[in-house]
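Modelling step: build the complete structure from the supplied sequences, incorporating the hints.
Chains as they are written, first to last, in this note's numbering: chain C, 20 to 565; chain V, 30 to 70.
Hints listed in this document are in silico derivations from the structure and should not be mistaken for laboratory results. Any given hint might turn out to be false.
What the hints assert, rightly or not - Cβ-Cβ distance ranges computed for the label pairs, FRET-style:
id, chain 1, residue 1, chain 2, residue 2, range
1, V, 47, C, 535, 44 to 54 Å
2, C, 502, V, 59, 48 to 58 Å
3, C, 244, V, 43, 19 to 29 Å
4, V, 39, C, 384, 23 to 33 Å
5, V, 60, C, 247, 41 to 51 Å
6, C, 512, V, 63, 46 to 56 Å
7, C, 490, V, 54, 25 to 35 Å
From a predicted model like this one, the values you see are computed outputs, not experimental measurements. Where a beta carbon is used, it is the ideal one built from N, C-alpha and C, also for glycine.
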Amino acid sequence: MAEKKQQWGTRVGLVLAMAGNAVGLGNFLRFPAQAANNGGGAFLIPYLISFVLMGIPLLWVEWAIGRHGGLFGHHSAPGMFDRLGKQKWLKYVGVFGLFTNLTVAAYYAYIESWTLSYVFHSLIGTFHSVSPTTFFPQYLGEHANSIFALPGEAMFWFVVTLTLNVWILSRGLEKGIEIAAKIGMPLLLGFGAILAVRGLFLHTTDPGVVQSPLAGLGFVWTPKLSGLKNPSTWLAAAGQIFFTLSVGMGSIHCYASYLGKNQDIALNAASAGWMNEFVEVVLGGTILIPIATAYLGLNAVQAATAGGSGFGLGFLTLPTLFQHWGWFAPIAGALWFGLLFFAGITSSLAMGQPILAFFEDEYKVRRTRAAILFGIATFALGFICVWLYAGGSFDEFDFWSGTFSLVLFALGEIFIFTWVFGIDNAWGELNRGADMKIPRIFRFVMKYVTPLFIAVVFVGAVFKPSGEWGDAIVSLFTGHGWPFAPDSVIGKIFHIGVTNYVWFQNGQPTKDFVQDLTRMILLGVFILLSVLVWFAWKRKEREAAQ
Amino acid sequence: MSREAWIMLICTWSVIIFFTARFFILVLKTPQRGADDPPPQ
Numbered sequence: 020m021a022e023k024k025q026q027w028g029t030r031v032g033l034v035l036a037m038a039g040n041a042v043g044l045g046n047f048l049r050f051p052a053q054a055a056n057n058g059g060g061a062f063l064i065p066y067l068i069s070f071v072l073m074g075i076p077l078l079w080v081e082w083a084i085g086r087h088g089g090l091f092g093h094h095s096a097p098g099m100f101d102r103l104g105k106q107k108w109l110k111y112v113g114v115f116g117l118f119t120n121l122t123v124a125a126y127y128a129y130i131e132s133w134t135l136s137y138v139f140h141s142l143i144g145t146f147h148s149v150s151p152t153t154f155f156p157q158y159l160g161e162h163a164n165s166i167f168a169l170p171g172e173a174m175f176w177f178v179v180t181l182t183l184n185v186w187i188l189s190r191g192l193e194k195g196i197e198i199a200a201k202i203g204m205p206l207l208l209g210f211g212a213i214l215a216v217r218g219l220f221l222h223t224t225d226p227g228v229v230q231s232p233l234a235g236l237g238f239v240w241t242p243k244l245s246g247l248k249n250p251s252t253w254l255a256a257a258g259q260i261f262f263t264l265s266v267g268m269g270s271i272h273c274y275a276s277y278l279g280k281n282q283d284i285a286l287n288a289a290s291a292g293w294m295n296e297f298v299e300v301v302l303g304g305t306i307l308i309p310i311a312t313a314y315l316g317l318n319a320v321q322a323a324t325a326g327g328s329g330f331g332l333g334f335l336t337l338p339t340l341f342q343h344w345g346w347f348a349p350i351a352g353a354l355w356f357g358l359l360f361f362a363g364i365t366s367s368l369a370m371g372q373p374i375l376a377f378f379e380d381e382y383k384v385r386r387t388r389a390a391i392l393f394g395i396a397t398f399a400l401g402f403i404c405v406w407l408y409a410g411g412s413f414d415e416f417d418f419w420s421g422t423f424s425l426v427l428f429a430l431g432e433i434f435i436f437t438w439v440f441g442i443d444n445a446w447g448e449l450n451r452g453a454d455m456k457i458p459r460i461f462r463f464v465m466k467y468v469t470p471l472f473i474a475v476v477f478v479g480a481v482f483k484p485s486g487e488w489g490d491a492i493v494s495l496f497t498g499h500g501w502p503f504a505p506d507s508v509i510g511k512i513f514h515i516g517v518t519n520y521v522w523f524q525n526g527q528p529t530k531d532f533v534q535d536l537t538r539m540i541l542l543g544v545f546i547l548l549s550v551l552v553w554f555a556w557k558r559k560e561r562e563a564a565q
Numbered sequence: 030m031s032r033e034a035w036i037m038l039i040c041t042w043s044v045i046i047f048f049t050a051r052f053f054i055l056v057l058k059t060p061q062r063g064a065d066d067p068p069p070q
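Rendered as structure tokens:
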């Protein structure tokens, strides 16, 4: 029996699912640290400019590509891109829309599983007796001098999380993803609001409080205008817009592909995008840093966010600080990790659906089987992250799949949509059935400004210097060469900054080996997905010829 | 918290809350068309 054609049940459900896709762990952990680290309030100026000139146009482009592809029965990126022009290579650009979702889901679901486990441990009072800084390495199974780890409890929660994802996905769009978003998003907002209010009302007379939480808020919001002249601030702001909106992944395309020909995308996209900004800037900027500042003081918080990540504060520091809240401590822990879990699962579901859709559309696999297939593939890739966590495998996944691929795919899609498909077709597609009038200036922005913006972010990632950009240019023109940063794309490829590059030492594999092995695995996944796309189209051609 | 920080916070929050509320209210008020319904005139 053929499965019923899937569609969204309600408009609010679609917008919440799209907002849930965008709202992720980064809204609460990465944003405040990035803002604090890049000029405080001054960061918000390039951040909002990037949102308007790059984020919103990219959202519209992805929604439009998705709805257009859905009209031809394609709900994953390869088929959608194949319909944007006559060129045969277009569908292979769409492979990024599968690759990124699958490989990011693998390590993202692992982090998601930490949050679920931390909800449990908060409720049973684990952090009352064990410090999270002791708990966390044990939980990950880290041992000194070993790059391998097989942590039993972490694996258990990883499997539980994956099973939950697979089960929701197997229920379909309306009865699975939409219900999850309708439950998860209001709870996330409620949990965030409770923590933000509780944190901001901490007083220096409360036990353990050393400084007003407003000092932390001031640290995030004080505009250091010198930051505006620094290209690094602009690159960091544009980068944050990328990660926070989940653009360049293929998941927005997939969700939008279940819309009808004349159903609105302009207003829905704008609503989901701004909702994400509300969660990120208003809630995300008001929890982590003000609470941490109240108990640790501003200097400690500045040091903890120096790398631009709030991960340590979120998983190691906050559960400890909640212990000052007496009877409310277990609840506060559950609220914090609960909101991170809801932020995570609404995003990981969005990563799973394009993979399901690919196998459903192009290989006629039934939904439940496709969901199980996704679960197995995610587990296999996620296992590498778990097993080789200490060896740096996790970071390699994050860099190549969760950072580099996003920008590359976004660059490709904006070029294809506005130049290959053509700006006239693109503008018509975007405005068909629109419930809001998109200012005509965005036609120009989409064709010229957004591609340029993404190209600058891409070049910035490839050639990121180890110091300031101005110093690097001086270095280049004075014959000292370009000082690539170890975390630039070039720096990563050529292992810049690694003094003793070897694969094995004393008969044991090194971190360099794990990094290269992970890269080869990721490349292998991309090639495998490309072959699957090639084979699916060959099969279609054969069937059409018969 | 300095006056500049308060101004920055209030301005940014105002912009974000205004657009979030405006678009979401529009979404709630405008009924979703059926998949095959004609576009608005």
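Hint-by-hint comparison with the structure:
Between residue 47 of chain V and residue 535 of chain C the beta carbon distance is about 49 Å. The supplied range of 44 to 54 Å therefore holds. A hinted range of 48 to 58 Å holds for the C-beta pair residue 502 of chain C and residue 59 of chain V, which are about 53 Å apart. Range check, residue 244 of chain C to residue 43 of chain V: about 20 Å between beta-carbon atoms, so the 19 to 29 Å window is met. Between residue 39 of chain V and residue 384 of chain C the CB atoms are about 52 Å apart, so this pair departs from the stated range of 23 to 33 Å.
A hinted range of 41 to 51 Å holds for the C-beta pair residue 60 of chain V and residue 247 of chain C, which are about 43 Å apart. Under the hint 46 to 56 Å, the C-beta atoms of residue 512 of chain C and residue 63 of chain V, about 51 Å apart, fit the expected range. Between residue 490 of chain C and residue 54 of chain V the Cβ separation comes to about 49 Å, which falls outside the hinted range of 25 to 35 Å.
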